[in-house]
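K.L.:
Below are the chains, spelled out letter by letter.
There are 2 protein chains.
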Amino acid sequence: MIENPKPQYAQIAELLRARIEDGTYEAGAVLPSEDRLAEELGVSRVTVNRAVGLLRSSGDVRVKRGVGTTIRTLPQIHRDASARYAARGEGAGAGEVEVRKLNLKSRTDYRRIGQAEPPAAVAKVLGLGAGEPSLLRSRVLYANDEPTQIADSYLPWSVTKDSESLTQPDAGPGGSYGRLAELGVGPVRFTEDVTVRTPTEAEQRTLGLDAAQPVFQIWHVAYTASDRPIEVCIHVMPGYLWTLRYGWDDGPAPDAG
Amino acid sequence: MIENPKPQYAQIAELLRARIEDGTYEAGAVLPSEDRLAEELGVSRVTVNRAVGLLRSSGDVRVKRGVGTTIRTLPQIHRDASARYAARGEGAGAGEVEVRKLNLKSRTDYRRIGQAEPPAAVAKVLGLGAGEPSLLRSRVLYANDEPTQIADSYLPWSVTKDSESLTQPDAGPGGSYGRLAELGVGPVRFTEDVTVRTPTEAEQRTLGLDAAQPVFQIWHVAYTASDRPIEVCIHVMPGYLWTLRYGWDDGPAPDAG
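As they're listed, the protein sequences go chains A and B.
Heads up: the first sequence runs through residues 1 to 257, numbered per UniProt numbering.
Heads up: the second sequence runs through residues 1 to 257, numbered per UniProt numbering.
Isolated chain A, as found in the complex (with noise of 0.2 Å):
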């Protein structure tokens, strides 16, 4: 089968992300406005349009409102499971791991702490009666001021009501999880589905997306060691921006909870 030859604004596309690759366009620097490039390009004002389209998609570029088309700012952000659990006795938390490793400066914005009704799905995994409530902690997290994901976490108000820390943004010495594990639920087992879909509304205007960029939703569950589902938290991260890396020793499949 002969390939179809790459279309017009396919190769614009490549073009700019070329330009953006070798500084010929600065990270956080204005795209030429469609026209401009149009007439550079010689090339209709359509062609460019669709060209940045792909970069939008692939995260090349964002629109900042009043602003104009900006060139990405952030480097992709490693994500590595199994580690960033594992760095939470180290004094940051668990998901500024990844943000620092790159000397990007890393800040979590609580927004909000408190009793909730948790969504039925995330209700049914804690194994919470009708009705029954959940501590939510939400935060969004950010890397040198840009948002790279939003972060629910889901605990049983039943565990958590007694505890002080876990209703505050530092929750003490490794994080909440240090926390359950005084209460005797301590997480030692977790698993993680992850999907990719298109943003809300909400989250769009969180994340500085359009509706065309993907993001990763990662459903985190961590277990006791009696199994018991402690902690459900709902990431929903750029998918530009992220590579989730994940690692395992061969062997039988574990219990998939």
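Don't read these hints as lab results, they were simulated from the structure.
Even for Gly, the Cβ is constructed at its ideal location relative to N, Cα and C.
Incorrect hints may appear among the rest.
Claimed, not checked - Under 8 Å between C-beta atoms, here's a sample of chain A residues computed to sit facing chain B: (1) 17; (2) 105; (3) 195; (4) 239; (5) 249; (6) 250.
Chain A is already provided as a structure; the job is to place chain B on it using the hints.
P.N.:
Below, chain B alone, put in the same frame as chain A:
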């Protein structure tokens, strides 16, 4: 902050999705034309077009050339990373485990098996010198005759050159890992790097996707007992079709390889 009301096209997308879920529009059927939907729902054709665009991104419908916009036929497929490789001794190839579990008909088409120059990044992981070839086993997997993934597996030619079985579609008991074990380089540890991106033109054709539908790319690396990377397999999978499941026990971070 007050939430924006949901835009009209998003409301229309929700309505159409509800009709798919309740069976008003059956799996595999052709969606009514955008003109007819616009008339029935009392909105503009542009609004219907944007709504259908959302359904395409989410995989609820797809455009079949010469047929029209058709309703999704395959359910979400769960891929449990450690379970799928643990199951490789049980007759089915690792790649077919998830699909059979859903009582779907699985099929693997080998489109190429033979000596090939690996991509530079693959050669680097496998420790191949300049110009050193690999054995490529390239296949497309199907469920009920719909393509579900492309899997390109690269092995060092120097290791595989004496194995007749590895050049066959059916590599024998335990698949290609069984043969590697007989050669003294059986995989015992794995890492996977998961990214999401838009599909290339060739991938769009092979997987029946359009440019706006993101794909998972899984970069699967298998290591021997002496920690030699012995295989790189690159999986490209329609994002809307898959949930990726990983699990691990707490402990020190494994060496990231």
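K.L.:
Was the hint right that residue 250/A lines chain B, CB cutoff 8 Å?
P.N.:
holds, 5 Å
K.L.:
With chain B as the partner, please determine if residue 105/A meets the hint condition of a C-beta pair closer than 8 Å.
P.N.:
Hint on residue 105/A: violated, closest Cβ of chain B at ~23 Å, above 8 Å.
K.L.:
For the restraint on residue 195/A, tell me whether the closest CB of chain B is nearer than 8 Å.
P.N.:
For residue 195/A, the interface hint holds, since the closest Cβ of chain B sits about 5 Å away, which is under 8 Å.
K.L.:
Should the hint that residue 239/A touches chain B count as held when the rule is a Cβ pair under 8 Å?
P.N.:
holds, 4 Å
K.L.:
So, as I understand it, the hint says residue 17/A touches chain B; can you test that by seeing if any CB pair is closer than 8 Å?
P.N.:
Cβ of residue 17/A sits 12 Å from chain B, so the hint is violated.
K.L.:
Holds or violated: is there a CB of chain B closer than 8 Å to the CB of residue 249/A?
P.N.:
holds, 5 Å
In summary, the numbered hints that this structure violates are 1, 2.
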